[in-house]
Amino acid sequence: MIRRCALFIFVLFFISTLYAITTVYAGPVNPNISVIGQIISKQTDDAASGNAGRTSLDLGETEIQCDAYLNPYAKGVFVFSIDEKGLSTEEAYMTIFKGLGDGLGMKAGKYRVGFGKINPAHPHTLPFIESPHVLAAMLPGDDGFNETGAQLSYLLPFPGSWASTLSADVINGSSFHPNETKAAAGWVGRWSNSVLINDITPLEIGLSATQGTNNVLWGTKTSVYGADIKTKIPLSAVTKLTLQGEYFANDSDIIVDSTTGNFNSASRRGFYAFADMQFWQRWNGGALYEQYNPAENKDLTNKSIKGFLGYALLEETTLFRLTYEEFIPEGSAVVHTWMFQVLFSMGPHKAHQY
Amino acid sequence: MKKILFVMTSLILTGLVTLNAAPVKIAAAIPVLGSIASYVGGDKVEVFSIARGNANPHAVEVLPSYMIKVSRAAIYLKVGLYLDQWSDEIADGSHNDHLLVVDCSNGVSVLEKPNGQVSAIMGDVHPGGNPHYWLDPENGIVIAANILEALKKVDADNAPYYERNYEAFRQETEKRTVEWKTKMAKLAGKKIIGYHSSWVYFANTFGLVIAGYVEPLPGIPPTGKHLAALIDTIRKNNATILFQEPYFPDDAPQFLSRETGIKVFKVSPSCSDVKADSYLDYYDKVIDQITK
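So the sequence lines, in the order shown, correspond to chains H and Y. According to this note's numbering, the first sequence is numbered sequentially starting from 1. According to this note's numbering, the second sequence is numbered sequentially starting from 1.
In short, the hints are calculated from the structure, not lab data. Treat the hints with caution; some may be incorrect.
In silico DSS-like pairs for lysine-lysine, Cα to Cα no more than 25 Å straight-line [to be verified]:
| hint | chain 1 | residue 1 | chain 2 | residue 2 |
| --- | --- | --- | --- | --- |
| 1 | H | Lys75 | Y | Lys69 |
| 2 | Y | Lys181 | Y | Lys69 |
| 3 | Y | Lys263 | Y | Lys186 |
| 4 | H | Lys221 | H | Lys298 |
| 5 | Y | Lys69 | Y | Lys175 |
| 6 | Y | Lys69 | Y | Lys190 |
| 7 | Y | Lys3 | H | Lys232 |
| 8 | H | Lys117 | Y | Lys69 |
| 9 | Y | Lys285 | Y | Lys263 |
| 10 | H | Lys75 | H | Lys232 |
| 11 | Y | Lys190 | Y | Lys175 |
| 12 | H | Lys240 | Y | Lys266 |
| 13 | H | Lys230 | Y | Lys69 |
| 14 | H | Lys240 | Y | Lys69 |
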């Protein structure tokens, strides 16, 4: 059934693309090219890191983003990341935003999956340096939930300022079974809603779900469900308060005997919530709390409290961020970590204030 | 049977007429464009603005709620000249196949077009020139002409009505420009200070001279050294007014006011709403304030 849906979406996608290409000639265009680099200094007492008690200074992930309109109906985006593992294609996708019919949009390629609020965002756009631990614990994928797939979305024709979008993705599913090379497709569904409370205060509420095969040989599944909420409250012309939270539920069938395929079902839960205050034109500060059941042992609960401070110099071309985290893994020693980050960017895509 | 046919035909025709009478929905990036659209469109358009009048137009957040509103619009008016790149995101995100996007900067007289290569060493400079062009009433007439062409495309049946309104706007703007210039004549050559380079067109039109800016370069916050030099500039040029946009912090303007006695005039470079008279009344308000 999933394969038939995938085939249908790809056929629809290619027909739409061919139609757009044959009816319009866009001519040569130069893409927007941006590069975002970062330097990170870290001091931690985490014995497992190998750097306990020492201050490290590293060049973090460098991101190169290219994007351009392909024609009046479609846009292409490429994001390459360079880190200690080398050069990789983080994202390479095409979106069709016009020509499919009012409200309809399509996306195909490799992209950060639109599950929740933080996963689709690039980490440098967050008000803190690293993504919450709960995302890595709950969502598939070693480096974020990032998949090759195709998405169909529909902006529902609701009245007033209520923007409600339904989207459905068919994905390659390899994030669910990274150690296996056999294909087993997965899916993602999302219903996102945004409404203006007054002229300028948005309230965003979303529901997400995904399912994939965590063991292709035995066909066992992992399902993740999520709910998210976010609002940005302008307090004055230069100050605003962002409140955001996400809840995750991960239900997985875990193989306990690889010769017989016997499995146990494991349910894990987790959430994060943060408040970020832009308290002056270029300054922001806030706190994040999270707790979750780790993948290694669903009966434990890990917690983390993080404080963060940021300064955006010169129209977001240069950002300074400082975070302090107290990570409290159940049954293990508490880990204290200081991190300082300098983000710098060139080109039209800046290292945004969140 | 004939009666039923007659009633049905009347109902259908009434429905068609009602459909045709539905106002043309126009989304404007900033209230200035919306106000001019309301003037030209009259009672045949329904206009809303994405940015508020006192918001920083360089940095409007792209919200899904704006996209759904634009999804119902026939026309989107963008500022252009790289001021509102967020407008493209909103227009694309609306998935509106029938949306006509109008770049209102087409045909305007542009000031401060950079020569040679543009780079971030110049600060947050706009490569197409200074984008605050609506602060020259002559450019307001060009904006109105662009809006007129768009309305004629989407609602050709009412073209004569829109043309009459455009003509009325053009004449009213020209008449009031003469009045404004007369009022401003006593300030001809007067030196002013700007926070950001929003007021170039206004100064150029009404004979004011911008002696300096609080920002050392566009988008760059002032340093102590720059403010010290600006104090000298204010005193040497006898600058008496500092134009400050409401979305910039007060500390530097208040410091300069304490040190030099310069009057801080906190004013948005845009009118506050999309009512038909707002754009022209905005000039009245600003000129009344600075000439009193």
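Hint check results:
{"no.": "1", "hint": "H:Lys75 with Y:Lys69", "result": "holds, 22 Å"}
{"no.": "2", "hint": "Y:Lys181 with Y:Lys69", "result": "violated, 39 Å"}
{"no.": "3", "hint": "Y:Lys263 with Y:Lys186", "result": "holds, 18 Å"}
{"no.": "4", "hint": "H:Lys221 with H:Lys298", "result": "holds, 17 Å"}
{"no.": "5", "hint": "Y:Lys69 with Y:Lys175", "result": "violated, 36 Å"}
{"no.": "6", "hint": "Y:Lys69 with Y:Lys190", "result": "violated, 44 Å"}
{"no.": "7", "hint": "Y:Lys3 with H:Lys232", "result": "violated, 60 Å"}
{"no.": "8", "hint": "H:Lys117 with Y:Lys69", "result": "holds, 22 Å"}
{"no.": "9", "hint": "Y:Lys285 with Y:Lys263", "result": "holds, 17 Å"}
{"no.": "10", "hint": "H:Lys75 with H:Lys232", "result": "violated, 28 Å"}
{"no.": "11", "hint": "Y:Lys190 with Y:Lys175", "result": "holds, 24 Å"}
{"no.": "12", "hint": "H:Lys240 with Y:Lys266", "result": "holds, 21 Å"}
{"no.": "13", "hint": "H:Lys230 with Y:Lys69", "result": "holds, 20 Å"}
{"no.": "14", "hint": "H:Lys240 with Y:Lys69", "result": "holds, 24 Å"}
In this structure, the hints that do not hold are numbers 2, 5, 6, 7 and 10, in rising order.
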